[in-house]
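Chains as they are written, first to last, in the working numbering: chain A, 13 to 258; chain B, 3 to 323; chain C, 33 to 219; chain D, 6 to 812.
Heads up, a few of these hints could be off.
Heads up, simulated EDC-like pairs for lysine to aspartate or glutamate below, C-alpha to C-alpha not over 16 Å straight-line [to be verified]:
1. D/285 <-> D/135
2. C/76 <-> B/240
3. D/536 <-> B/240
Honestly, the hints are just simulated from the structure, not real lab data.
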Amino acid sequence: MPKSFFIDTSRCIACRGCQIACKEWHELPANQTRQQGSHQNPPDLNPNNYKVLRFSEYLDGDTVRWLFFPDQCRHCQDPPCISVGGSLVDGAMIHDSQTGAVVYTEKTSKISEKDFENILSACPYNIPRRNPKTGRISKCDMCFDRVSHGLVPVCVKTCPTGAMNFGERKEILDMANARLAEVKKTFPKAMLADADSVSVVYLLTDDPQKYYKFSVAQNDSGMDRKMFFAQLFRPVRKSASSVLRG
Amino acid sequence: MQPVAATENSIHQAIHTTAEEALSARPVMASLIRPFVNLFLQKASCITRLDFDTWTEDLKGAHDRLLSGIPILMTLSLEPWRKPLETACEWMLPAIREAFPAIGGDIEAVTAAYRNDNLPLSRLAEEYLDGSFTHYESSAQSIGVSADTLAFVMNTVLSTVLEAFAPRIWAGMEDVRWSKGNCPICGCLPSVSYLAKPSGDAGEFLKDSGGKKFLHCALCGHNWRINRHICPVCDNTDAELRFFLSVPDYPGERVDICRKCGFYLPCADLRERSAMPHLDTAAVCMVHLDILARQQGFKPLSYLTWNRIENGIEFPQDISS
Amino acid sequence: MDCNRREFIKVTGTGVLGLSLLQLGVDITPVQAYTATLKTTGTKEIVTVCPFCSVSCHIVASVRNGKLISTEGDPEYPINEGALCAKGAALFTMTLDNRLQKPMYRAAGATRWVEKSWEWTLEQIADRVKKVRDKDLILKNDKGQTVNRLESMFFIGTSHADNEECAIAHQMSRGLGIVHIDHQART
Amino acid sequence: MTNHWVDLKNADAFLIMGSNAAEHHPISFKWVMQAKEKGAVVIHVDPKFSRTSARSSFHVPLRSGTDIAFLGGMIKYIVEKEKYFKDYVVEYTNASFIVNKDFSFNDGLFSGFDSQARKYDTKTWSFEMDETGVPKKDKTLQDPHCVFQLMKNHYSRYTPEKVSAITGVSPENLLKVYDAYSATGVGTKAGTVMYALGWTQHTVGVQNIRAACMVQLLLGNIGIPGGGVNALRGEPNVQGSTDHALLYNSIPGYLGTPVADWQTIADYNKANTPVSKDPKSANWWQNKPKYLASLLKGWYGEKATADNDFCYGLLPKVENGVDYSYMYLFDRMLQGKMRGGFIFGLNPMNSLANSNKARAAMDKLDWVVVSELHHSETTDNWRRPGVDSKKIKTEYFLLPSAHRIEKEGTVTNSGRWTLWHHKAIEPMGQAKPFGFMLVGLMNILRNKYLKQGGALPEALTHQDWPKTYVPEDWTKRINGFFLTDAKFGGKEYKKGQLVPTFGALAADGSTSSLCWVYTGSFTEEEGNKTKRRDAKQTPMQEKIGLFPNWAWCWPVNRRIIYNRASVDPTGKPWNPDKALIAWQDGKWVGDVPDGPWPPMADKDGKYPFIMQSMGFGALFGPGRVDGPFPEHYEPVETPVTSHPFSAQLSSPMYKSVSSELDKLAKPGDPAYPIVLTTYSLTEHWCGGGETRNVPNLLEAEPGLYVEMSQELAKEKGIQNGDGVIVENVRGRVEAIAMVTVRIRPFTVQGKTVHLIGMPFCYGWTTHKCGDATNRLTPSVADPNTTIYELKACLVNVQKAEKLTEIV
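Isolated chain A (complex conformation):
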């Protein structure tokens, strides 16, 4: 059955437990970061960080607003990246029909840099990153290994406030809608970001653009020409489990 995340930014305290737990579970090495005038470190997603906590602040009249956004792959219901790149290398980019996970395997290293750029530009959320040394393309894999053993993704396990949630899509959407109704009482602008088209549903309390440019899908990187054609020749979906588990 398809799974989904519910990321409740109204409960996030930017402790970065998720960001660090993700690294530890995937055994990704620490980057040599440097302070550049922000708590947001590393500053962006990269081959060693499938998850980055984004900080944003502004003055609303006399009130300080400080917004936290744990950014990660949305595991789109209909993933444009797969549309563009799914048929390039067999078994490199998989949309698992059981869980809804979009998973990139080691075979992505066979995808050319140019093709990667197309894949990236197709992503409405600016997620995939390529390791220039190995050529491997990477991003959040929904902790596919954990989820297929019945466990929740490690970021969800780690979250101390209940900002990160995971479960059956239907239950998660119910949870998100119930919470939205509650949060709207304090934040009338609150909304669920692209809930219908993604498996990672964010609750935002403020104008999405105040969080981050790609907090909701960006049209300019949405359905472009390449994608349109790709849609016409869409590969048959494969079950990721058959590839990964096998």
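With chain A fixed as given, assemble chains B, C and D onto it according to the hints.
Chains B, C and D only, in chain A's frame:
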């Protein structure tokens, strides 16, 4: 935290998922798991149909007794339960026969006795709860089966009724903090424990990381919280004398052991699981851990149908020694 | 009616009578054979206290064959109720990396550390302490009052220590005559 | 904490000031948020908008170092608007006491000031006594010399306009806070104060907290569930290590360190034991001689006898008025007066004020013993940047210490719960617990003294030391033993058995205890109570989250201190819905009351504030060296040259040292117009020694930054992310600019004052992450506690041409 009141469908779903997950890991257990799955499926169907409204016992006195440590059903007559017990017989006797063809003849004999009104259900149920078994031998003889068979049948029938009634008996008792090793409703020992998933109340700043320990009653299915760092049998708090056994690839299944009293209890670790399993099914699926614990010389906290792996076990009269 | 737990365990119904799997016609031998192939591990769960802020959250440390395999918030402790902050959650890693593991000595003017044994190290320290104390202990002050104090030696630290260790540090310091004593409460 | 962590859920209002609780004590916020959900108002008053602010009902920015002005305004508001809890104030505080007619306050100074000595003669800070020696009172609170009127008069100067002008808080914000918080001045509401280092690290640190105590006493918020003045405390066992007095100025159990004038135990007891002639005052400290004798018996065992003053004579005696704390220690070290010492689990080269001085001072030692988990700026000071190691003549002994999880023993949390932690794993490598090192060292030393003799060998050889370190033996020693067969509470005890409670301690040498407040934690009857893990409660206790069977809490398992103040004089709870104790059928139920006596109105009753010699909450507090009422003084380094309350700009008594490395900027120094405040951050712990060794934490907060307002950045031509130099008369620190709306300029006396903030967790042993922020902070300190003023000093900021400390 009690699991939400379940529908027949959702219980069936949970039984299937729990069994399937275990079978995909250990297909070898199919011959053990299947009969129990069928029994539990039927039980779930029966439970959701039992009518409780005829039982109008005032439980106020039971509430006060509970506060002083006496399980609710300890002192109550089960005579008014005759009807539900009968319904359970209707559902469960055929189910037992189907699940365990080896005792089909015996079950037919019991069924016949039931039809002929020759099975004093309420009294047998009361004795079962009391652990007195005074009339089991004679009743069994008159039917022509062994007392063990009759006890097995009564266990199935009574547990079906109790499981249906337990949530409603507990309503109104929620304020009672019960931290003992036996069930606050029926007084029975647990078949399995579980470590709960995290819960985060909306009003709190931080959710807990889960891991609260609950015992699951072997008879009525009630779940109650106990202190994870205390042995539910002997109150041992010494961490050096308590440990759990597990198989490395399956961190969600373990058996908790106390060296001080020598008892063990299987435990489903749900902290990182995405769904709540059907606990009795989960217990059946952990029999391999029962075997391992027995091999190391530990005793089960309760002898359940699925963990009577030895033949002719001699049940110790006082297991707390 | 005496309803202690022992009593209940004696009288409980489940299990006194009943059928075995064999009697039910369930063949358990394949499961037993399978079980024989399994390797089990025993794990102890030991409750410790988070070493960071003074909420003193309890943490359950899972230990297998003497090795720490995980840490989690203790659901029983009434204050944290199983919750942990980011630092408490990172305790596991923090016990591992870049730890000092042997006593070391750096001589005057030296440019590097040299590993030493505990015996050597404590003996050398005792030697230094005694020399300073024997030379510098002030028995009388200017007014001729007995003061027995050693002004030229100090002991600072630590709120990281257990109460037992604090009691020891204090007893030792006063025994030596040390008066310059301080710790994190003042920073 | 007077209260405890779970008790926060009982509050109706929170004043979080001098603390960033959500980031530094995150679990505390679990309970704050529970209260907020139920309707409590959460107020955060702090220079910077933090996660605590984000979760509070509202945040009020305040210029660092002006807390007393802010709170003084609140006292004025409470008194003038009659928001105080009258019954409580009249019955339980010293509001009605008549003060010495010669007491006065003039232009920032209290009577008795000697400007040469910078010291008060406190003789006039006293109460008038009647013929029986009991304080004279005017319960109508009208007498012009009563505490209440003096207080009212004192704070009448703290008008919203003046307070606003100096704190930078708008008058509307002031009134918003005063109004919301003072609503708890009724018996059925509770307000709690949560503070931490943001209050203590000022030259008026103690008076900051005194001001909060006054607010709480006026509102009847002390001794009740959801109330109290709660020090969140910054370190893992800072409560326990303070109880056991790793401090120069006390010996375990809050007894004063012996001074040279007290040559005998009789001298000590005479000078230290308070006397009250009021039969209704419990005057608990009258028992001090029992605690001292038991401590000495604990240290010296059988060698301590009544004839030899229990070895009291062997103890070091300090010189009256001489300060031996860090600030003076490092000053003397720099002067070459120190030869060697021990630094255990502490990184002073990063965490003390004026790090440049501390680092230079350490080079003057002959030898030093450092015990740590990791290399730190202290363990490796001899090879710090800019020095030639070959020229550093100090010998370093580095002892690898065991982690908390690798040893067993007790720690005490802020709510005074004493908690046993079990050893989970063996220490890594050859690391050992501190106890192993110190017991081992003492045994070697004692042998040397026995065999070789030396200076005053008895001071060591008479002490009672075990051969090896067994933690639980010390838990018992701390609790204490009967040293002769004895009878207590109708029970017989044998020699060598554990003492059941400190009521059983005696002054005649028949008992021992290494810290009397812990007596009762380990008993014959119940064993080691610090190991108790029973969440059992009565329904009354459950209502307010009291867990009397979980571990043990000093004193005598009392979970909320001064709880007799939670009931009216007849023993009825002020707030029956959240009753803490109650007098029912001739006995107390609920928490362990502050003493067994019946309620105050009874003929045998006692006043609630039993640790005060007169038994009353101190609105007028003559015990502090710098004044009986808190008064606003500017930080020693202040951006202003005057303030509206008096001509006395800074504390007349703050402590300081005067080496060539101890320079100070003058008030309003145009070269250093910016206020610097320092703080911790979530990803790193205190000096950062442990957390900088975790690569993934370092990745998330990799280097030293300086948070500043957009306005200041613009003024200085600094862009976010620029390297900057933060500089003052003492030092120069490189950091990366973090330009933020979370810090905003203050308008102070009509002028803009900028404030910047920096964490202090970075040091040179971690590659290019920046170095000690404390190179900027001054060696000036509170006159009562000698805690450094780390929260406010003056600096300037400029864009850096080149960076060398940080990448």
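Structure-based check of all given hints:
1. D/285 <-> D/135: 15 Å, holds
2. C/76 <-> B/240: 10 Å, holds
3. D/536 <-> B/240: 10 Å, holds
The structure is consistent with each of the numbered hints, conforming to all of them.
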